[in-house]
Amino acid sequence: MSLYAFLGTLEIGFIYGLVAMGVFITFRVLDFPDLTVDGSFTLGAATTATLIVLDINPFLSTLCGTLAASSAGLVTAWLNLRFNILHLLASILTMTALYTINLRVMGKPNMSLIMEPTMLTPFEGLGIPAMYLKVVFVAVFAIVAGLLVAWFLYTQYGLAMRAVGSNKRMAQANGIVVDEKVYVGLALSNGLVGLAGALFAQTNGFADSTMGIGTIVVGLAAVIIGESLFGTRSILIVVMGCIIGSILYRIAVSMALNADFLGFQASDLNLLTAVLVTLSLIFPKLRSEWKAKKAKRKEI
Amino acid sequence: MIRCENLHVTFNHGLATEKLALRGIDITIPSGDFVTVIGSNGAGKSTLLNTIAGDIETTRGHIFFEDRDVTNLPATARTKDIARVFQDPLAGTCGDLSVEENMALAYGRGKRGRLTFALNSKLRKLFKEQLSRLNLGIEDRLNVQMGLLSGGQRQSVSLLMAALQPSSILLLDEHTAALDPKTAALVMDITSQIIEEKKLTVMMVTHSMRQALDYGTRTLMLHEGKVVFDLTGEERAKYEVKDLLNLFALSRNDGEELDDDKLLLDT
Chain X
28 MSLYAFLGTL EIGFIYGLVA MGVFITFRVL DFPDLTVDGS FTLGAATTAT
78 LIVLDINPFL STLCGTLAAS SAGLVTAWLN LRFNILHLLA SILTMTALYT
128 INLRVMGKPN MSLIMEPTML TPFEGLGIPA MYLKVVFVAV FAIVAGLLVA
178 WFLYTQYGLA MRAVGSNKRM AQANGIVVDE KVYVGLALSN GLVGLAGALF
228 AQTNGFADST MGIGTIVVGL AAVIIGESLF GTRSILIVVM GCIIGSILYR
278 IAVSMALNAD FLGFQASDLN LLTAVLVTLS LIFPKLRSEW KAKKAKRKEI
Chain E
-12 MIRCENLHVT FNHGLATEKL ALRGIDITIP SGDFVTVIGS NGAGKSTLLN
38 TIAGDIETTR GHIFFEDRDV TNLPATARTK DIARVFQDPL AGTCGDLSVE
88 ENMALAYGRG KRGRLTFALN SKLRKLFKEQ LSRLNLGIED RLNVQMGLLS
138 GGQRQSVSLL MAALQPSSIL LLDEHTAALD PKTAALVMDI TSQIIEEKKL
188 TVMMVTHSMR QALDYGTRTL MLHEGKVVFD LTGEERAKYE VKDLLNLFAL
238 SRNDGEELDD DKLLLDT
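As they're listed, the protein sequences go chains X and E. Position one of the first sequence corresponds to residue 28 (the numbering used here), numbered consecutively onward. Position one of the second sequence corresponds to residue -12 (the numbering used here), numbered consecutively onward.
Hints should not be assumed to be uniformly reliable.
Below, computed lysine-lysine pairings styled on DSSO-like, alpha-carbon distance capped at 30 Å [said to hold, decoys possible]:
1) E:185 with E:67
2) E:186 with X:195
3) X:195 with E:185
In case anyone wonders, no lab produced these hints; they're calculated from the structure.
All chains, full assembly: derive it from the sequences and hints.
Rendered as structure tokens:
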């Protein structure tokens, strides 16, 4: 892999590290499988790109993109909590609606940012080579966001949110308002994903209506890789594991795609992703089965 | 003090499956009283507790804590006054969180969650102190996941958690029913200690006639959503398990057979 390709892989890895943290909050902390992210990733990108093209400050545009994605999370939470629609289904409904909304936001299926100012523009004069600048920029975002998420989950409020995901009845008996935690959690999760979309649009120079497809699977893959490599001993480890897992996932995919003897094409990405995630889901189960079998044989 | 006035609870109101779970409960439990509640399955014991806790909405009637009408207060708001321990040891604690995190949650009961660290060294010391009272060695396992403790250990920790924040009312819903006799006795011991120490107003639902008479200062028997017997003072002191069983039979003068083998077993 060339240095240039490697830096590109790192850059995408850090950006999807934010997605992984969002997925971690819904899937693991709140136990609320939320597929909204496929739409909110694009919504974050589309909103930010559209505002930048309208000559709005890129930082303000990114904030708006993030908030727009957060509100998509709130819609999913509302459908689930207020009307008892199954969480998975509620999130699929929001995701489907977002596809149209994203097209409407941009007014066309694809929007270029090549000649537009981005959040990176102010840093371009600092003397860091352009190829490194992007990586450093997204790395700072991912790591700062990771520290903030970890800190949040260690606070009284964050602990209450974790209790809601673990045992609703216990949470309620301890005075925790369950619904509020779900709303905040989904807004936070989708906000992180929307921020990732906004960063993606600015570093890659475009927003596209189909860019969000498979976001959830990639995010989940990163979470699972991080968990299986670094364990779940503490929240900080798991959250940082999301970022590292995301980078490792990208490296694995790009190596698989680049290995000529495997004969993969770029269009095989989604199948590869699905196979990778499936393997990482199967592996822990198989491992415990093997261990149990081994222990049994020893006893006899 | 807990006061229930003409408390009615109906499930599935207006449907074919309508069930009158509570039909006019009028009780006053003065502060510091320890009331045991007995009754056959479906008598409304758990419904009464859950209604007082706010999990179930009242259909008619009022609930007061001291002089405050809490009938329309949601369950989470009532946790300022109420601590609870459930029958299922898994229900009262978070299995995915560590022992200290569970205790930190209980420590924050009835307060708004703030954006400050949930745990600190001061709290850990307090939790350790409290846990060492159990003599179960849990004080050295603050970091262990709650799910790895046994049912009895979890139930004991739940009790400590219930007492971490000052509250006036403790609701126990058959909290020893899922435990083996030895552990149940241990948990009951801790229960008595904590109640004594914190001067709590307690309602304890139990299936064991022995427990109902041995603990507390007053025994209520529910049947079909009504209080059928209310034993206190000297009269209660004279009661034996078999007298209670007779009361049970009496309360069912509608020809129902006494089929509660479980009640007999638990004596």
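Checked hints:
Pair hint residue 185 (chain E) plus residue 67 (chain E) holds up; C-alpha atoms about 15 Å apart against a cutoff of 30 Å. For the given pair, residue 186 (chain E) sits about 29 Å from residue 195 (chain X) by alpha-carbon distance, which is consistent with the 30 Å threshold. Only pairs whose Cα atoms come within 30 Å are accepted, and residue 195 (chain X) paired with residue 185 (chain E) is accepted, the gap being roughly 27 Å.
Going down the numbered hints, you'll see the structure goes against none, and every one checks out.
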